[in-house]
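Engineer: Here the structure of chain V is known, so what remains is to put chains B and C in place on it, guided by the hints.
Chains as they are written, first to last, in my numbering: chain V, 1 to 263; chain B, 1 to 386; chain C, 1 to 289.
Keep in mind the hints are simulated off the structure, nothing from the lab. Among these hints, one or two may not hold up.
Unchecked claim - Just a few of them, taken from the derived set where beta-carbon distance is under 8 Å, the chain C residues facing chain V:
#, residue
1, L89
2, R165
3, L175
4, Q178
5, S182
In this text, all values refer to a predicted model and were calculated from it rather than measured experimentally. Just so you know, even glycine gets a beta-carbon here, dropped at the ideal spot from N, CA and C.
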Amino acid sequence: MSALLRVEKLEVVYGRAITAIQGITLEARKGEIVAVLGTNGAGKSTTLRAISGFLGLDDARVTEGAIHFKGKNLSNRPPYLITKLGIVLVPERDKVFPSLSVVENLSASVSGTGADRKRLEEMAFNFFPKLAELRGRTAGLLSGGERQMLALASAIVCGPELLLVDELSLGLAPVVVDDLAQRLVEIRNTLGITILLVEQNAAVALSIADRGYVLENGRVVLDGDAARLRNHPDIQEFYLGGAGERRSYRDVKQYRRSRRWYG
Amino acid sequence: MLKRSLIVTAALVGLTGAATAQDSYNIGLTGALTGPAAGTYAPAVDGLRIYIDKVNAAGGVNGKKINLILLDDSAQPARAAANATRLVTDDKVVLLLNASLSSTYAPVVGESQKANVPLIFASSVCPKDVYPPANALQFCTTAFAANYDSRAVLDFVKATAKEPVKLGLSAMAIPISRGEIDYAEELSKTLGMTPVSKQIIPPPTPDYTPFATLIKDAGANWTYSWAPWVTQVRTLEGLRRLGWTGDYVAWAHLEAENELARLKDGKFFVVGANSLFQDDLPIHNEIAAAAKAAKSQYPVNQMTEGWIAGMVIEAALKGAGWPANAEKVTASLSNLKVDLKGLRGGELQWTKDNHFRTKQYYRVYRWDEAKGAIVRVRDWAPFDVK
Amino acid sequence: MQLAINIAVLAAIYALIACGYVLIYRVSRVLNLAHGELMMLSAYLLLTTASLFSKNPLIAIAAAIFLSLCVGVLVYLFLMRRMTGEMVLAAVLTTVALGVLLRGLVVLVWSAQQQNPAQALGWVNYSIPVFGGRISAAGAALIITTALVYAGLFLFLRFSRYGIRMRAAGQNPLLAAQRGISLHAIYALAWGLSTLTGALAGILISLDSGLDSTMVLIGLKAFPAALVGGLDSLVGALIGSLIIAAAEVLMIYYVDALLSDVVPFLVLILMLVVRPWGLFGTREELDRV
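Chain V extracted, bound-state conformation:
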């Protein structure tokens, strides 16, 4: 099957000088959950912003390569048109409109008209029954987990074919994260959409992903099936916090990791 999304040799430069990502190639096929792993500054978010069309806001631009979605080149399209094409981003921060109520958040986002809108809203509440209970509440008063639910719900009522999720687990309790991860799987299974999940928490990401990419210093350093990645010794060591004495301090890991991957 051909790729729904194909990022090819993408290079992004911030300002004039700082190259954030250098030649990233990745793809996502229809119905897949693809995990993109990496630490802070690895280029995960930049990749997402490049796909969703928001680079310009940060004074960044694509200097090399291309992004294809359903065979169309996405470069230079304004963000709302990219959303209209079917790519919807759930951002890392500021993911809901805090002064709007839950239901207003949904209706601001929902596409289509009349009955279609109703159906989409119903669907969102089906995936997240908790939100139905909270429908009148102001989004700014929601807990972190509820906010993430609302963000996901708002995103799927936009009718995406490709859902980009930036840090699903950030700042949330493990039990909440596991629940949200299961919802993602459910959403994928029900709607047949593709999900690109950018995560620091590799355990969660790889538990639901079909495939994964590992980014480091703006490059893809590892990729493959989720199962393979889960068992890869480096992933074990650096991301999944493998066993025994290898649970070292973070900066020691960073050092070792750099040594191994960059030689």
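Structural biologist: Frame of chain V, contents of chains B and C only:
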């Protein structure tokens, strides 16, 4: 549109001015032809232009055409200064005219004094320098006159009022209007009237009702306003809106004739020094015909001021002879008598000492509901200017 | 009683103008300093439509309002749209330039003379007795219109899809764009609505007290009202207008009329010192002003 073509014409005339300098009288005007203040000056200037065109079409003065150069200053002092310099140095005018806000006076007067070119204020307020003892170079044809106007108005009020007058006063918060209303307040006391409320109204006031409420609540039975037309008429409208039924008297600005007909208020009197077109004199028909032929965009009944300025200029240039220079024109202006054919109460006379006019005449008009027309309430009342 | 009526009319004038500032500021953080000029333009448009539809005053008014709405949308599409993504300051300066342009244009086309749209429509501004005081017909219309406009805007922003989207876009344009909301459409809508309410204000004021180019200054005086209330709050604009109008009228009554001219700005300065984000404004937005 028309005004634009007027400006374009002005520019063209300006360009050709130098070439024709030898065989025509060059005179130049700086005025508020555009901008927010233009409403008061542009119609008069258009009247002047039409008058001069008419004179030229009839062969000019002393066999020479008058080359009237019109420059726009948008009521901005800096532009007026530049205009005056240009008129004096490049166009070598023998006579300057100002038709703009008083803030433009200083630079234009300065230029006139420096070059010894006489300056006429036409349709702009007469400065102190034109009253006796007058500055040698400054003249004024404008109808309204500080202090004299209020004397005439209060004289009329005193003669008309049947009960003791409790006087409301309304001014715009600009120095000239405030000064006049302050003067009227003092004067009214000497005439046995009681000034009960004096409102100084800031220009950009969205609603005049609060001011009107104060005048009404003070128990005024007459109200007098000497201010730009907006303030005069909005104070009146505010009062009427509150159900005030007293008599209202105001200065007859350019707009007066149309506005009397619009407001149809039998107790609204306008006092003015120019006869209204309602009087239907031959001269009025002449102005109307000329304005129509010239396709002016302005109401013809707002052109009187410009027409009078034109008559004065024509007479002055005739007196100066040919070839004329600024000195001869000044001499001619300082000893001038112009028959205004009924546009004012009598002839306009300038002497060595008096560059305003030796006698100022006032008429009073109001709307007559029964006749459905403007009627004259009081005929020319003369006041000596000394 | 007359005092209360005078305050109410003035407050209605300010409030009707102020909501135009708020609408645009709220969605795009741009201060539209040409609002007064756009309002004046609408009143002048009424003069023209009044002569076109001299038999049908209501059609003339409707046509003028419709034209104003178009002007607002066109201003956005051809001018302000190019300013999105630029600094807010650039956009504000653009509106200043637009204002200067409109002022010149109005004088060129309609001349600087005092005009009376009410006369052009053949309407008389009757005086109506109410509660022991009096109010002009146009003044009453102003109060009613302001009430309807605010109620309408409230319902629109609360319940309609585009209203909710406007609020969303105003709060977080980035997220709004990510959710597929076309910011251009929202901004154009805001400009349209803003000029529409401005048009209502301009037309009603000109029907009440005539029209000349000083109307721009009235637009400017309504600005403190919007600011005192907090620039991104409609309720704030309403309350702010009441405060400013009351202060102004009370000043005329009891202190000095000349102060009334500066009192809106005095209240504004006081407010900026005590509570810079306004009565109902959002505090966090302050750094963006």
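Engineer: All hints are to be evaluated individually against the structure, with a verdict given for each.
Structural biologist: Hints versus structure:
Of the supplied interface hints, the one on L89 (chain C) is violated, with its beta-carbon coming no nearer than about 17 Å to a beta-carbon of chain V, more than 8 Å. Interface hint at R165 (chain C): satisfied, since its Cβ lies 5 Å from the closest Cβ of chain V, which is below the 8 Å cut-off. A cut of 8 Å between beta carbons decides the hint on L175 (chain C): the least distance to chain V is about 6 Å, and the hint holds. A cut of 8 Å between beta carbons decides the hint on Q178 (chain C): the least distance to chain V is about 5 Å, and the hint holds.
Given hint, S182 (chain C) at the interface with chain V, holds; its Cβ is 5 Å from that chain's nearest Cβ, closer than 8 Å.
Of the numbered hints listed earlier, the single one contradicted by the structure is hint 1.
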